[in-house]
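**Q** Using the sequences and the accompanying hints, generate a full structural model.
Chains as they are written, first to last, in the working numbering: chain A, 6 to 276; chain B, 171 to 483.
Hints should not be assumed to be uniformly reliable.
[Said to hold, decoys possible] Pairs of lysine-lysine, DSS-like flavour, derived with a Cα cap of 30 Å: (1) Lys391(B) with Lys51(A); (2) Lys263(B) with Lys9(A); (3) Lys271(B) with Lys177(B); (4) Lys249(A) with Lys219(A); (5) Lys9(A) with Lys51(A); (6) Lys70(A) with Lys51(A); (7) Lys391(B) with Lys9(A); (8) Lys88(A) with Lys70(A); (9) Lys114(A) with Lys51(A); (10) Lys262(B) with Lys249(A); (11) Lys9(A) with Lys262(B); (12) Lys263(B) with Lys249(A); (13) Lys114(A) with Lys219(A); (14) Lys177(B) with Lys262(B); (15) Lys177(B) with Lys51(A); (16) Lys177(B) with Lys263(B); (17) Lys271(B) with Lys339(B); (18) Lys114(A) with Lys9(A); (19) Lys340(B) with Lys271(B); (20) Lys176(B) with Lys271(B); (21) Lys177(B) with Lys9(A); (22) Lys70(A) with Lys9(A); (23) Lys271(B) with Lys9(A); (24) Lys262(B) with Lys340(B); (25) Lys159(A) with Lys88(A); (26) Lys159(A) with Lys219(A); (27) Lys340(B) with Lys263(B).
Hints are computed from structural coordinates only; laboratory data are not their basis.
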Amino acid sequence: MELKFIYEAEVLHNIEIAHNIMKLTMLAPQAAADARAGQFINVYPKSDRLILPRPISICGADPDKGTLTIVYDVVGAGTEELKAADSGAVVRISSPLGNGFPMPEAPGKPVLLVGGGVGTAPMVFLAGALSEYGADITAVTGFRQETFLTEELKSTGCRTLVTTDLPTEHAFLGNVIDCMQINRIVPDSGWTCYACGPRPMLEALCRYIYGLDKGASLYVSLEERMGCGYGACVGCVADVRDGKDSSGRDIIRKLKVCKDGPVFNGEAVVW
Amino acid sequence: MAKLDKKAGELGIDLSVNICDIAFKNPLMTASGTFSARESGAFYDISELGAAVTKGVALEPWAGNDTPRIAETYGGMLNAVGLQNPGVDEYKKTELPFLAKYDTRVITNIAGHSIEEYCGAVEALNDCSGISMFEINISCPNVSQGGAAFGTDPALAAEVTREVKRVSKKPVIIKLTPNVTDITEIARAVEAEGADAVSLINTLLGMHIDLRRRRTTLARKVGGFSGPAVKPVALRMVWQTAQAVSIPVIGLGGIRSGTDAAEFLAVGASAVGIGTAALSDPLAMVRIKSELIDYMHENGWSSIAELRNAFEI
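**A** Here it is in structure tokens:
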């Protein structure tokens, strides 16, 4: 059994990188050493009225410096509280949680990263890991209008395509699927694809990739409203195909997004 | 011997309690539904617990409700998990053997849609030596059949208790719902049919609206309300029930500190359950135990009985 811990992490920077999108780097050496792309941490609010942890995906980890970086959307009282944490403040966090993205079977193969909005955060972490692994990376990131984390993606050396729903300079107009079609990104059996973003985007991507029927593999990171975030309460579940019954029908199980996910094989997810 | 028991020992404090002739090394129990052995055990040593009260398990696997199942409220939360569980066979194969490695008592919470299902699950688990007691959940607000339907009607609660007691080889705790006019009426009804203890409160039925999406936050629309916000209600009901019955009362509802636990013990609880606090803080069980020891030490009490006797309520 892998042991998990609660840490008091010191905030180093907490900056707004786009409207209500915050990037927070903290000193958390053990968490930084343990973190894998696709995992998240629980951030425990200080306010007595906020009793649930905020699960936030990891955008980067530097084990040498002992730092962990998260990017989050300010959507409510919990993330408002976190936004107010200045340098030197202490935040209570958990060990990295969840299963993270699996690496491709072999280096040198093409990989596709698809991020939607704040779902781009884990893709930055993954791009760094895949770049070290020696993958040939294409990243497609979609935003409503204001873009962020695109320079971080480019700095890992990956081909980066940016697309927005509303017109913006230096971005394609349209969704990530439109962008892939226009750019003739047609993943086949040599490809491993990874995605994190809103559920409709993930579903559309699954339809696109599996509709091509070229044998590409796809891993998606799901979001769900969580209770504990560590697998005790069974508050967050997703319908996932898990084998066949004796008459050949799919067995569909409600798996825990926080513990069994958040990364699932796209083929297994029931949308 | 777990570390914090050592701390109690060094301070000359005996935390042990006795419930239905079973010795518990301390009065702190997990609250069913918020504890999973492997997941909770990744954060702390389960041997620290007086008892591990496991998630409701039924005769057959249950899928639970649709998502979203969780909503946060002011100082509390709602859940509508719906007792998702893998069934007794899987429980015997995975959860029980895992818990057997720890030095703690196991209380198995049992879910059912019917009296036959409650009895079936009890019979399936009767011979498991790792289980000290059964806790019968007749109070879950999140299932449409069974659950709270039994817990809100004194006659049905009595009938479940009678039938379960007929088959059970272990002491039986009946877990009560607060969603009734007079909880003592239900408590007396189950005591009369041989319940060995009662535990309360299960969650209060609540609701939360997502203003942005203009619908209920929970897919099930309503769910069980728990957390610090419910503590005064829970404390009142535990006090009333402890006055009304002579069997042990296990008190729970919003406990998040050592002094919260002491308050429940003071109003007549023989032990306490801690649930939502473990979501707010995975280390809550060990922290609350340490705080209880400190509080007892500050007041010069060397046993739980001394603590209870010190209050005039």
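**Q** Determine for every hint whether it applies to the structure shown.
**A** Hints versus structure:
1. Lys391(B) with Lys51(A): holds, 28 Å
2. Lys263(B) with Lys9(A): This hinted pair holds, its Cα atoms lying about 24 Å apart.
3. Lys271(B) with Lys177(B): Holds. Lys271(B) to Lys177(B) sits at ~22 Å (cutoff 30 Å).
4. Lys249(A) with Lys219(A): holds, 23 Å
5. Lys9(A) with Lys51(A): holds, 20 Å
6. Lys70(A) with Lys51(A): Roughly 26 Å between the alpha carbons, so the hint for Lys70(A) and Lys51(A) holds.
7. Lys391(B) with Lys9(A): Distance of about 33 Å is beyond 30 Å: violated.
8. Lys88(A) with Lys70(A): holds, 23 Å
9. Lys114(A) with Lys51(A): violated, 45 Å
10. Lys262(B) with Lys249(A): holds, 23 Å
11. Lys9(A) with Lys262(B): holds, 25 Å
12. Lys263(B) with Lys249(A): holds, 21 Å
13. Lys114(A) with Lys219(A): holds, 15 Å
14. Lys177(B) with Lys262(B): Violated: Lys177(B) and Lys262(B) sit about 34 Å apart, past 30 Å.
15. Lys177(B) with Lys51(A): Holds: Lys177(B) and Lys51(A) sit about 28 Å apart, inside 30 Å.
16. Lys177(B) with Lys263(B): The hint is violated at about 35 Å.
17. Lys271(B) with Lys339(B): holds, 23 Å
18. Lys114(A) with Lys9(A): Answer violated: Lys114(A) to Lys9(A) is near 34 Å, above 30 Å.
19. Lys340(B) with Lys271(B): holds, 21 Å
20. Lys176(B) with Lys271(B): holds, 20 Å
21. Lys177(B) with Lys9(A): Holds. Lys177(B) to Lys9(A) sits at ~23 Å (cutoff 30 Å).
22. Lys70(A) with Lys9(A): holds, 21 Å
23. Lys271(B) with Lys9(A): holds, 18 Å
24. Lys262(B) with Lys340(B): holds, 16 Å
25. Lys159(A) with Lys88(A): Holds, at roughly 26 Å.
26. Lys159(A) with Lys219(A): holds, 27 Å
27. Lys340(B) with Lys263(B): Holds - the C-alpha atoms of Lys263(B) and Lys340(B) are around 20 Å apart, at most 30 Å.
Of the numbered hints listed earlier, those contradicted by the structure are 7, 9, 14, 16, 18.
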